[in-house]
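Undergrad: These are the residues of each chain, in order.
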Amino acid sequence: MFKSLVKWARIKSPWILHMNCGSCNGCDIEILAALIPRLDAERFGVLLKGTPRHADVLVCTGPVTTQMKERLKRVYDQMPEPKFVVVVGQCGSSGGIYKGSYAVEGGIDTVIPVNAYVPGCPPRPDAIADGIIKLLASIKKGGKQ
Amino acid sequence: MGYVKLPIGPQHPALKEPENFTITLDGERVVNVDIRIGYIHRGIEKLMETRTYTQNLYLVERICGICSYAHVYNFTQNVEEILGLQIPKRAEYIRTLFLELERLHSHFLWLGVAGHEIGFDTLFMYTWQDREVVQDLLEMISGNRVNYAMNAIGGVRRDVSQEHRKKVLESMDYLEKRAEFYKNVAINEKTILARAENVGILKPQVALRLTAVGPTARASGISVDIRKDDPYASYLDTPFEVITTDTNDVLGRVVVRVLEIVESIKIIRYLMEHLPEGDILKKAPRKIPEGESISHTEAPRGEDIHYLHSNGTEKPDRYKVRTPTLANLPATAEMLKETYLADVPIIVAAIDPCMGCMDRVLLLKDGQEKPGELISGEQLRRYGIKWYAERGWNA
Amino acid sequence: MTTPEEHILEVLKGLPVLMTRSHRLFLSIPREDLIKTMNILSSELAIQHLSTITARDKGNDLELLYHFMLQGVVITIKTTCPKNDPTIDSIVTIFPSAILYEREIHDILGIVPRGHPDLRRLVLPDEWVGGYPLRKDWKPPAEQEAEE
Numbered sequence: 001m002f003k004s005l006v007k008w009a010r011i012k013s014p015w016i017l018h019m020n021c022g023s024c025n026g027c028d029i030e031i032l033a034a035l036i037p038r039l040d041a042e043r044f045g046v047l048l049k050g051t052p053r054h055a056d057v058l059v060c061t062g063p064v065t066t067q068m069k070e071r072l073k074r075v076y077d078q079m080p081e082p083k084f085v086v087v088v089g090q091c092g093s094s095g096g097i098y099k100g101s102y103a104v105e106g107g108i109d110t111v112i113p114v115n116a117y118v119p120g121c122p123p124r125p126d127a128i129a130d131g132i133i134k135l136l137a138s139i140k141k142g143g144k145q
Numbered sequence: 001m002g003y004v005k006l007p008i009g010p011q012h013p014a015l016k017e018p019e020n021f022t023i024t025l026d027g028e029r030v031v032n033v034d035i036r037i038g039y040i041h042r043g044i045e046k047l048m049e050t051r052t053y054t055q056n057l058y059l060v061e062r063i064c065g066i067c068s069y070a071h072v073y074n075f076t077q078n079v080e081e082i083l084g085l086q087i088p089k090r091a092e093y094i095r096t097l098f099l100e101l102e103r104l105h106s107h108f109l110w111l112g113v114a115g116h117e118i119g120f121d122t123l124f125m126y127t128w129q130d131r132e133v134v135q136d137l138l139e140m141i142s143g144n145r146v147n148y149a150m151n152a153i154g155g156v157r158r159d160v161s162q163e164h165r166k167k168v169l170e171s172m173d174y175l176e177k178r179a180e181f182y183k184n185v186a187i188n189e190k191t192i193l194a195r196a197e198n199v200g201i202l203k204p205q206v207a208l209r210l211t212a213v214g215p216t217a218r219a220s221g222i223s224v225d226i227r228k229d230d231p232y233a234s235y236l237d238t239p240f241e242v243i244t245t246d247t248n249d250v251l252g253r254v255v256v257r258v259l260e261i262v263e264s265i266k267i268i269r270y271l272m273e274h275l276p277e278g279d280i281l282k283k284a285p286r287k288i289p290e291g292e293s294i295s296h297t298e299a300p301r302g303e304d305i306h307y308l309h310s311n312g313t314e315k316p317d318r319y320k321v322r323t324p325t326l327a328n329l330p331a332t333a334e335m336l337k338e339t340y341l342a343d344v345p346i347i348v349a350a351i352d353p354c355m356g357c358m359d360r361v362l363l364l365k366d367g368q369e370k371p372g373e374l375i376s377g378e379q380l381r382r383y384g385i386k387w388y389a390e391r392g393w394n395a
Numbered sequence: 001m002t003t004p005e006e007h008i009l010e011v012l013k014g015l016p017v018l019m020t021r022s023h024r025l026f027l028s029i030p031r032e033d034l035i036k037t038m039n040i041l042s043s044e045l046a047i048q049h050l051s052t053i054t055a056r057d058k059g060n061d062l063e064l065l066y067h068f069m070l071q072g073v074v075i076t077i078k079t080t081c082p083k084n085d086p087t088i089d090s091i092v093t094i095f096p097s098a099i100l101y102e103r104e105i106h107d108i109l110g111i112v113p114r115g116h117p118d119l120r121r122l123v124l125p126d127e128w129v130g131g132y133p134l135r136k137d138w139k140p141p142a143e144q145e146a147e148e
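Here the protein sequences line up with chains A, B and C, keeping their order.
Per this note's numbering, the first sequence starts with residue 1, numbered consecutively.
Per this note's numbering, the second sequence starts with residue 1, numbered consecutively.
Per this note's numbering, the third sequence starts with residue 1, numbered consecutively.
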């Protein structure tokens with residue numbers, strides 16, 4: 001009973017935390033653009049939070065730079081279970097255009113487990129909203145608890 | 001009472017990008033500031049030496065997602081200067097159009113972020129909604145909203161059609177009305193006045209000495225604008241004013257940007273009405289002869305200077321980028337002193353920092369500060385680099 | 001009315017100033033003369049705007065380029081220092097905004113500005129041990145280790 005209540009709450013109000021791990025800002029402005037009235041991701045209950053301790057979904061952008069790697073891990077650890085990670089953008093998915101640089105790790109999934117990828121450089125705001133909604137749908141189906 | 005040291009960042013709700021401020025406080029008052037950046041250093045300058053000029057077009061664009069076009073423009077201008085390539089006039093006009101559209105979207109974006117930082121989220125929603133109009137234009141012409149991939153060496157890749165022109169002009173009418181509205185808001189809205197007036201003072205002498213650039217300098221009454229001082233693209237043809245205010249505070253920076261929106265609209269109208277006919281692209285060789293070139297543009301945030309040294313191959317020998325945010329940092333540290341903690345986010349936001357741009361920077365302003373305790377991170381073995389151990393104060 | 005370029009050329013008369021195109025001036029000097037030249041720029045031309053400092057690897061030498069701006073004219077002062085003695089006089093006392101740029105070239109190319117007040121790492125992480133990445137003979141640390 002309690003479990004299903006929590007699950008319901010999680011699906012109806014996924015609070016997200018946005019983290020830039022070395023992105024060029026392109027993806028970051030598109031994430032914000034997904035929250036403005038035109039798309040209004042808030043109608044799905046998506047709310048941008050300021051602290052990892054309140055967040056259910058971590059939205060990451062950018063190839064992980066060596067300086068950000070440890071910080072990304074720390075933020076991920078601070079999030080309460082169950083937690084989900086959405087990667088936005090090509091360079092967060094694989095390292096993208098920065099692959100081969102001495103300062104880049106390449107891909108969020110080299111550091112923390114990832115649940116969903118939204119490719120694109122940068123993806124459109126609709127794609128980002130769609131990515132988060134698809135993640136929610138998969139949780140609803142039973143995915144990771 | 002002793003001073004309190006407060007770390008803000010790299011991940012912090014008030015900052016959209018990773019950066020770290022260590023603020024020394026005496027009660028509520030800021031005594032000293034340490035700014036540390038470099039969290040998103042991606043090694044672009046080295047990476048560029050390993051890629052061809054065509055590949056670099058796209059890499060340069062991704063120095064920053066907001067002022068991407070200013071960087072590409074600089075890059076192509078440098079390469080074309082070494083080649084001695086004169087690009088078609090129509091291409092110049094289209095490039096200028098993109099430079100200005102980018103300024104529009106960046107200033108709208110900034111206005112929203114500034115509103116957000118002072119807790120005025122309504123403004124954020126309003127400006128970002130209007131920004132979508134500009135984004136639609138960019139998408140209509142270039143096919144992409146953020147990294148436009150519009151430039152090629154020797155011209156532009158897509159033409160502006162008759163319908164595009166009509167749509168751009170229509171949108172400008174709409175945006176002009178909105179800009180008037182924001183002008184009114186910036187000058188009369190109590191929420192903004194209360195938080196922005198006499199906050200983050202930067203005196204003109206200090207701004208000059210620390211080489212502040214762009215709207216930050218212009219809000220301190222310094223008339224510096226590369227578009228006027230060293231006209232590039234088609235700015236020589238285009239009539240426009242350099243906006244300055246002399247209030248030296250955050251409010252001045254708001255006003256400068258709002259008025260620049262109006263100027264940009266004027267420029268875009270002029271460009272669309274006087275768009276010359278002709279080709280948009282000239283063929284350029286793959287190999288660039290030996291030479292060097294400096295290009296600087298007035299990006300939305302200020303002077304953006306690029307240096308290219310080529311060695312006769314397909315790849316650059318050295319490429320150097322200095323972005324406006326880096327130039328504005330010493331001034332920011334100056335502005336933050338003697339202010340209140342609550343004003344820190346808006347003062348920082350007022351220079352329109354773009355950490356993605358700045359990628360290579362780390363600034364520790366004050367020499368007297370003791371470094372904090374060292375927390376050694378797990379050492380990485382990927383690429384065999386013993387990266388990582390950081391200074392941090394987090395629990 | 002004289003253009004800014006003419007004014008600069010007039011003040012720097014006697015020095016080998018090269019004008020590549022309008023608004024672009026280059027001046028090569030030996031590194032011993034750096035401070036002297038900077039003082040001329042600062043006092044006689046009243047330049048305050050140091051745009052940035054570029055450094056590049058020329059093989060046996062490292063070249064430094066100081067880009068200044070006066071009324072839209074970019075004046076570039078070029079000087080070199082040998083790789084086996086990569087030191088240069090710091091210009092922070094004359095142009096305070098050089099503080100960051102000098103730390104950057106120190107970090108990525110290993111050029112030591114003499115008299116710089118604060119030479120901590122600028123770009124790279126504090127524990128970086130991989131050398132100076134912008135030098136041409138630099139290899140990623142993995143390759144460096146493999147060779148040893």
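Treat the hints with care, since some could be wrong.
[Claimed, not checked] Restricting the straight-line Cα-Cα distance to at most 16 Å, the calculated cross-link-like pairs of lysine to aspartate or glutamate (EDC-like) are:
#: 1; chain 1: B; residue 1: Lys266; chain 2: B; residue 2: Glu176
#: 2; chain 1: C; residue 1: Lys58; chain 2: B; residue 2: Glu49
#: 3; chain 1: A; residue 1: Lys49; chain 2: B; residue 2: Asp121
#: 4; chain 1: B; residue 1: Lys89; chain 2: B; residue 2: Asp237
#: 5; chain 1: B; residue 1: Lys46; chain 2: C; residue 2: Asp57
#: 6; chain 1: B; residue 1: Lys287; chain 2: B; residue 2: Glu263
#: 7; chain 1: C; residue 1: Lys136; chain 2: B; residue 2: Glu49
#: 8; chain 1: B; residue 1: Lys166; chain 2: B; residue 2: Asp136
#: 9; chain 1: B; residue 1: Lys5; chain 2: B; residue 2: Glu28
#: 10; chain 1: C; residue 1: Lys139; chain 2: C; residue 2: Asp33
#: 11; chain 1: A; residue 1: Lys12; chain 2: A; residue 2: Asp130
#: 12; chain 1: A; residue 1: Lys83; chain 2: A; residue 2: Asp109
#: 13; chain 1: A; residue 1: Lys99; chain 2: A; residue 2: Asp109
#: 14; chain 1: B; residue 1: Lys282; chain 2: B; residue 2: Asp136
#: 15; chain 1: B; residue 1: Lys315; chain 2: B; residue 2: Glu49
#: 16; chain 1: A; residue 1: Lys99; chain 2: B; residue 2: Asp159
#: 17; chain 1: C; residue 1: Lys139; chain 2: C; residue 2: Asp126
#: 18; chain 1: B; residue 1: Lys287; chain 2: B; residue 2: Glu81
#: 19; chain 1: B; residue 1: Lys337; chain 2: B; residue 2: Asp34
#: 20; chain 1: B; residue 1: Lys183; chain 2: B; residue 2: Glu273
#: 21; chain 1: C; residue 1: Lys78; chain 2: C; residue 2: Asp33
#: 22; chain 1: C; residue 1: Lys58; chain 2: B; residue 2: Glu290
#: 23; chain 1: B; residue 1: Lys282; chain 2: B; residue 2: Glu49
#: 24; chain 1: B; residue 1: Lys89; chain 2: B; residue 2: Glu290
#: 25; chain 1: C; residue 1: Lys136; chain 2: B; residue 2: Asp121
#: 26; chain 1: B; residue 1: Lys315; chain 2: B; residue 2: Glu80
#: 27; chain 1: B; residue 1: Lys89; chain 2: B; residue 2: Asp317
#: 28; chain 1: B; residue 1: Lys46; chain 2: C; residue 2: Glu10
#: 29; chain 1: C; residue 1: Lys139; chain 2: B; residue 2: Glu176
#: 30; chain 1: C; residue 1: Lys58; chain 2: B; residue 2: Asp317
Source of the hints: derived by calculation from the structure; they are not laboratory data.
Since this is a predicted model, take the numbers as computed values, not measurements.
Undergrad: The structure should be examined with respect to each hint, and the outcome stated for every one.
TA: Hints versus structure:
| no. | hint | verdict |
| --- | --- | --- |
| 1 | B:Lys266 with B:Glu176 | holds (9 Å) |
| 2 | C:Lys58 with B:Glu49 | holds (14 Å) |
| 3 | A:Lys49 with B:Asp121 | holds (14 Å) |
| 4 | B:Lys89 with B:Asp237 | holds (11 Å) |
| 5 | B:Lys46 with C:Asp57 | holds (12 Å) |
| 6 | B:Lys287 with B:Glu263 | violated (39 Å) |
| 7 | C:Lys136 with B:Glu49 | holds (10 Å) |
| 8 | B:Lys166 with B:Asp136 | holds (14 Å) |
| 9 | B:Lys5 with B:Glu28 | holds (11 Å) |
| 10 | C:Lys139 with C:Asp33 | violated (33 Å) |
| 11 | A:Lys12 with A:Asp130 | holds (15 Å) |
| 12 | A:Lys83 with A:Asp109 | holds (15 Å) |
| 13 | A:Lys99 with A:Asp109 | holds (14 Å) |
| 14 | B:Lys282 with B:Asp136 | violated (28 Å) |
| 15 | B:Lys315 with B:Glu49 | holds (6 Å) |
| 16 | A:Lys99 with B:Asp159 | violated (32 Å) |
| 17 | C:Lys139 with C:Asp126 | violated (19 Å) |
| 18 | B:Lys287 with B:Glu81 | holds (14 Å) |
| 19 | B:Lys337 with B:Asp34 | holds (11 Å) |
| 20 | B:Lys183 with B:Glu273 | violated (26 Å) |
| 21 | C:Lys78 with C:Asp33 | holds (11 Å) |
| 22 | C:Lys58 with B:Glu290 | holds (13 Å) |
| 23 | B:Lys282 with B:Glu49 | violated (25 Å) |
| 24 | B:Lys89 with B:Glu290 | violated (26 Å) |
| 25 | C:Lys136 with B:Asp121 | violated (49 Å) |
| 26 | B:Lys315 with B:Glu80 | holds (14 Å) |
| 27 | B:Lys89 with B:Asp317 | violated (29 Å) |
| 28 | B:Lys46 with C:Glu10 | violated (38 Å) |
| 29 | C:Lys139 with B:Glu176 | violated (53 Å) |
| 30 | C:Lys58 with B:Asp317 | holds (9 Å) |
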